[in-house]
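So the protein sequences, as listed, match chains X, H and L.
Residues in the first sequence are numbered consecutively from 1009, following our numbering.
Residues in the second sequence are numbered consecutively from 1009, following our numbering.
Residues in the third sequence are numbered consecutively from 1009, following our numbering.
Since the hints were made in silico from the structure, they are not lab data.
Keep in mind that a hint or two might mislead.
Where chains are identical, the list cannot tell them apart; a pair therefore holds if satisfied intra-copy or between any two copies.
In silico PhoX-like links for lysine-lysine, alpha-carbon gap of 20 Å or less [to be verified]:
(1) Lys1179 x Lys1027
(2) Lys1059 x Lys1243
(3) Lys1261 x Lys1243
(4) Lys1193 x Lys1126
(5) Lys1193 x Lys1164
(6) Lys1027 x Lys1067
(7) Lys1067 x Lys1164
(8) Lys1067 x Lys1265
All figures in this text were calculated on a predicted structure; none of them were measured in a lab.
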Amino acid sequence: MTRIKIDVYGLLEKIRKEKPVVHHLTNWVTIYDCANIVKVLGASPVMAHAKEEVAQMAKIASSLVLNIGTLTIDFVEAMKIAAISANAKGIPVVLDACGAGATQLRDQKCFELLDEVKINIIKGNSSEIARIAGENVATKGVDANLVNKDMIQIAKNLASQRQATVVITGKEDIVSDAKKTYIIKNGHPLMANIVGTGCMATSVIATFAAVEKDLSLAASAGLVCFEVAAEIAAKSSLGPAKFKEKIFDTIFKLDKKTLDKMQRVEV
Amino acid sequence: MTRIKIDVYGLLEKIRKEKPVVHHLTNWVTIYDCANIVKVLGASPVMAHAKEEVAQMAKIASSLVLNIGTLTIDFVEAMKIAAISANAKGIPVVLDACGAGATQLRDQKCFELLDEVKINIIKGNSSEIARIAGENVATKGVDANLVNKDMIQIAKNLASQRQATVVITGKEDIVSDAKKTYIIKNGHPLMANIVGTGCMATSVIATFAAVEKDLSLAASAGLVCFEVAAEIAAKSSLGPAKFKEKIFDTIFKLDKKTLDKMQRVEV
Amino acid sequence: MTRIKIDVYGLLEKIRKEKPVVHHLTNWVTIYDCANIVKVLGASPVMAHAKEEVAQMAKIASSLVLNIGTLTIDFVEAMKIAAISANAKGIPVVLDACGAGATQLRDQKCFELLDEVKINIIKGNSSEIARIAGENVATKGVDANLVNKDMIQIAKNLASQRQATVVITGKEDIVSDAKKTYIIKNGHPLMANIVGTGCMATSVIATFAAVEKDLSLAASAGLVCFEVAAEIAAKSSLGPAKFKEKIFDTIFKLDKKTLDKMQRVEV
Chain X
1009 MTRIKIDVYG LLEKIRKEKP VVHHLTNWVT IYDCANIVKV LGASPVMAHA KEEVAQMAKI
1069 ASSLVLNIGT LTIDFVEAMK IAAISANAKG IPVVLDACGA GATQLRDQKC FELLDEVKIN
1129 IIKGNSSEIA RIAGENVATK GVDANLVNKD MIQIAKNLAS QRQATVVITG KEDIVSDAKK
1189 TYIIKNGHPL MANIVGTGCM ATSVIATFAA VEKDLSLAAS AGLVCFEVAA EIAAKSSLGP
1249 AKFKEKIFDT IFKLDKKTLD KMQRVEV
Chain H
1009 MTRIKIDVYG LLEKIRKEKP VVHHLTNWVT IYDCANIVKV LGASPVMAHA KEEVAQMAKI
1069 ASSLVLNIGT LTIDFVEAMK IAAISANAKG IPVVLDACGA GATQLRDQKC FELLDEVKIN
1129 IIKGNSSEIA RIAGENVATK GVDANLVNKD MIQIAKNLAS QRQATVVITG KEDIVSDAKK
1189 TYIIKNGHPL MANIVGTGCM ATSVIATFAA VEKDLSLAAS AGLVCFEVAA EIAAKSSLGP
1249 AKFKEKIFDT IFKLDKKTLD KMQRVEV
Chain L
1009 MTRIKIDVYG LLEKIRKEKP VVHHLTNWVT IYDCANIVKV LGASPVMAHA KEEVAQMAKI
1069 ASSLVLNIGT LTIDFVEAMK IAAISANAKG IPVVLDACGA GATQLRDQKC FELLDEVKIN
1129 IIKGNSSEIA RIAGENVATK GVDANLVNKD MIQIAKNLAS QRQATVVITG KEDIVSDAKK
1189 TYIIKNGHPL MANIVGTGCM ATSVIATFAA VEKDLSLAAS AGLVCFEVAA EIAAKSSLGP
1249 AKFKEKIFDT IFKLDKKTLD KMQRVEV
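So that you can see chain X by itself, here it is in the shape it has in the complex (with noise of 0.2 Å):
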């Protein structure tokens, strides 16, 4: 691998000039936080879940983010109307596997996400990567085993797969559309310590998503942003909660020299 630069802030620059609707069908632990970063971000966030309304609402954005956090059937439905719609559009479409590996519920469903529309980011932690594969992991709630494979190749397999870039987050996260892949090692360890950090990743990817047609640039690009705000909150925080708020006032101001400076990217 070798040491790489991208132009996050030009992706983050046209995200705050051109402010897309980003559209979620997510769970309702994390959803405030979930809009909040995107607005953060200077992108404008939309939930909407009804079945009546999803397929139009996702027509007037720029991509739709679908999380199973607390997944119902019901809702399951609804995004695959939301993604049917999307897909139609052409506009990306995000998928958290948050919790795959935990009931055979989540796990039928992301399966039937994946084989009934389109996804073009699939997003998880290693184990839930893992399972979405067809490996054979157990998920711990929805906190992340790790798991011994090469969760690489893993990535690789599940994108050509696919056809979709996938993105594995962790201490390291790995981006790949099969025929690229990318290193993000940014971060910081207090990440682990609060309730929706994965979620307001996808967030994060998806709005990065709406700006730029390249899906893996665009999601390490997303990845790279939302975890060197994390870096410079951590500096001053005293705990977890704090730290939470810093990360959505820094994302507010990040400019162009700290992205260039602090990103630490692979390829």
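For this one, chain X is given, so just place chains H and L on it according to the hints.
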């Protein structure tokens, strides 16, 4: 228009003393912030949406908030049941037309609510209210599109047509009950950089409406209270997340001197 | 009553080491705070409510929270399925009787839960618990009405009747399993000025119950932990929102010396 002084503190004191219950059927994104803003005002928020209990819950409340931000058909049915109960008790019903204009479902459900139950205060940004007033505008998600119409006239007309108080939030807020029209010039640009200010404003208005029968006065006083707090909070905030925290903490302690001095209201 | 010392830190250390999964079916207002308080304790929160997965999710958990704050009939049915699974596995089930007494639906559903599944810890404020115990009181929304009854006796009787541990929160908390009764004298008045302290207390109790079989001890230790953190947080908080942030950050770092020194428990 002429500058006036309204007794915001007198109403705030009444809220703190009477601790009215403010019943909400609201959206899942900002539900915590809506409850908490009511709480720091000194009142008692209740969020309950089961069809089987909303009528009874509305009966123990002093005002009712209906916010369609994450509406479903069933949820709006529960709103109607709650509103009918509130109407029968004679407590004010406040509708936040969150996202009206974005989808046909939202428009249809707003009109159903306006036609089938008595809405006492109709609140939205300029594009949402224009849509409800039958003007031809489009909403980009839930964020405001400024429109070129004379919003004051639209507010007056809608107030007259629906026999309600109409609140249009924006850089300057318009509050009209057709006979009287207030312009509130408080507020801060940072309010547009976090999710939830619109929803919280609605909950604040409903809390003031719980203790003051003159609803255009109540709505104006509520907006002044919220926006004066925002101005104070902005002074010591490095970013939008800290700003939100400080809005809560500022409202909790607002005093007469500050509210008298900082309010900028015209009539 | 005599002052005693309980080993709060020993249990906190166990939580941090074992990282138990705490499964919640809880209300939509405070769901984030409930998840996050479990997280900063060092445990792993899971919020899942689909009927099709709650039994399986409860099986990977070490305790289960049922909170009826925003109940619906379907949601309570999912609670029953989760609780039956938890009962079969032998993990503790904690019921937060949020708003009991406010509506007939809440009363009815509390009694159904108590009658149809095994509830190991019943938690509420004085008016909620009095209602569940069959005393004739009214709840004003979800806030506590102080009642004149002897709440200690009510706690003991209910504990005996339901063969459960009963927790009554208030200025002083009562924890009784009929045989033993603890009084927790920690806490701070600011806790009454934000939304979510009651719900978070329940999640903390469930987290301690996940690592300690003596449930009245677990509940007491959880309350001490939460309320000592609140006392520390209040010292440096200018208002209720900052106070909440500091509760999270204080819990994250609580040490043995502080917990030993600051606890005020009688038995």
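Tested hints:
1. Proximity of Lys1179 and Lys1027 under a CA criterion of 20 Å is satisfied inter-copy only: 19 Å between copies versus 30 Å inside one chain copy.
2. In this assembly of identical chains, the alpha carbons of Lys1059 and Lys1243 never lie at most 20 Å apart, being 43 Å within a copy and 43 Å across copies at closest.
3. Taking the shortest Cα distances, Lys1261 and Lys1243 sit within 20 Å of each other both inside one copy (16 Å) and across copies (17 Å).
4. For the homomeric pair Lys1193 and Lys1126, neither the shortest alpha-carbon distance inside one copy (29 Å) nor that between copies (48 Å) is at most 20 Å.
5. For the homomeric pair Lys1193 and Lys1164, the shortest alpha-carbon distance inside one copy (18 Å) is at most 20 Å, but the shortest distance between copies (56 Å) is not.
6. Taking identical chains as interchangeable, the C-alpha atoms of Lys1027 and Lys1067 lie at most 20 Å apart only when both belong to the same chain, with a minimum of 15 Å there against 42 Å between chains.
7. In this assembly of identical chains, Lys1067 and Lys1164 lie within 20 Å of each other by CA distance neither inside one copy nor across copies; the values are 30 Å within and 33 Å between.
8. For the identical chains of this complex, Lys1067 and Lys1265 are neighbours neither inside a copy (35 Å) nor across copies (49 Å), given an alpha-carbon limit of 20 Å.
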